[in-house]
Amino acid sequence: MLHPASGTGIFTAGSALVIRFVRQGCTNRPFFHIVVAEKRKDQHMPVIEQVGTHDPLPNEHNEKLTSLNYERIRHWIGNGAVVSKPVEQLLGLAGFFPIHPTSYMTAWRNRIQEAEQQQNTIDDQQQKHTHP
Amino acid sequence: MSSLETATNYQTVRWMRKPLWMPTAKSKVFRIPVRPKIPEDESKELMRLHNNYRTQIKSLRRYLTYKHCTRFLASEDPEEKRKAFEEDLKHCMELNNKWNDTQKILREKYIAEQLESELDFARKRIEMEMIRAEEKMSEIEGIVRKEKESSRNFITPENIDESIEHAVENPTDYNFALELDGGKFLGRNEVYKLNEQEKISAQQ
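Protein sequences, first through last, are from chains A and B. Heads up: the first sequence at position 105 corresponds to 105 in the working numbering, and the numbers run straight through without jumps. Heads up: the second sequence at position 118 corresponds to 118 in the working numbering, and the numbers run straight through without jumps.
None of these hints come from the bench; they were simulated from the model. Just so you know, even glycine gets a beta-carbon here, dropped at the ideal spot from N, CA and C. Errors might be hidden in some of the hints.
Unchecked claim - If you want the footprint, here are the derived chain B segments under chain A, 3+ residues with CB under 8 Å:
1) 49 to 57
2) 90 to 101
What the hints assert, rightly or not - From the derived model, a few chain A residues whose C-beta atoms are all more than 10 Å from chain B:
3) S6
4) N28
5) E38
6) D42
7) D55
8) N59
9) I77
10) G78
11) S84
12) H100
13) Q117
14) Q125
Based on the provided sequences and hints, a complete structural model is requested.
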């Protein structure tokens, strides 16, 4: 029988719990459920509880929509659930956690890359100007 | 396999990634993966950020554990819990009863209105049925009247001899042609008449 995506609430006492993504959606259309699950279980096994969703594709207003149930996330972290890195990044951006170091890193690397590209274009233009 | 290798028109397609138990591909044996080069200041900054992050998360986790962990919460007084529950239940019941009362008034009004409209509908239906029955009756009566009127000219056992006599006396002759302006063209001077023998046979 198909298990509910919202979670079964069943888990072994004392097992390691984790808050992580489950990739739903289909080919070329990712969609993630944020769930509390047992760490040793497979991604698509029945989960304990769903605590949010994340849509990584920007919508028509250029927004990536995410929903989070803070109350339950607080409860599960309080009861020993660890948080996976992508979810940590997301929670950081949501303001629930401190910003994750990788978010900072990606940001500054992007900035450096952008600056380099701009410099390159300026150089190209100057070269064209001097040697038409 | 050798026959496969020699066949030039044959191309093997691997549809998934290489299974783990297969050896390193021949073309990849001497490949040395490039190590990522992270500048020293960047790595130092990352280290600092990670240390901070871990500290913050640790304190956050500890706070949440104190607040939400079921093992800590289990020490609550059951009597107090029950009291709180009963109070909440009482409040809920009061609210529910209030809603029920308002709903009851609305419901009764609604039901009365519905009944009235249904009665109206039934009355209208009866009226319509009556009108229809009357119309039907008048239609039937018209038919009967017409039939009665036409039955005056019917041939009955009483007047059958008379009518035969009349028919024999006045034979109708259709043996003519019509002219363009509607006049009859007999094409002969005498009108056909039955002889005695034929009259007797017609009467019989």
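Consistency of the hints with the structure:
1. 49 to 57: holds (count 6)
2. 90 to 101: Coverage by chain A is violated here, the residue count being 0 at a Cβ distance below 8 Å.
3. S6: holds, 20 Å
4. N28: The claim holds: N28 (chain A) sits with its nearest Cβ about 18 Å from chain B, beyond 10 Å.
5. E38: holds, 17 Å
6. D42: It holds; D42 (chain A) is separated from chain B by about 18 Å at its closest Cβ, greater than 10 Å.
7. D55: holds, 26 Å
8. N59: holds, 30 Å
9. I77: Given a closest Cβ separation of 5 Å, the condition is violated.
10. G78: Given a closest Cβ separation of 3 Å, the condition is violated.
11. S84: Its Cβ never comes within 10 Å of chain B, the nearest being 13 Å, so this holds.
12. H100: Check fails; 7 Å does not lie beyond 10 Å.
13. Q117: holds, 19 Å
14. Q125: holds, 29 Å
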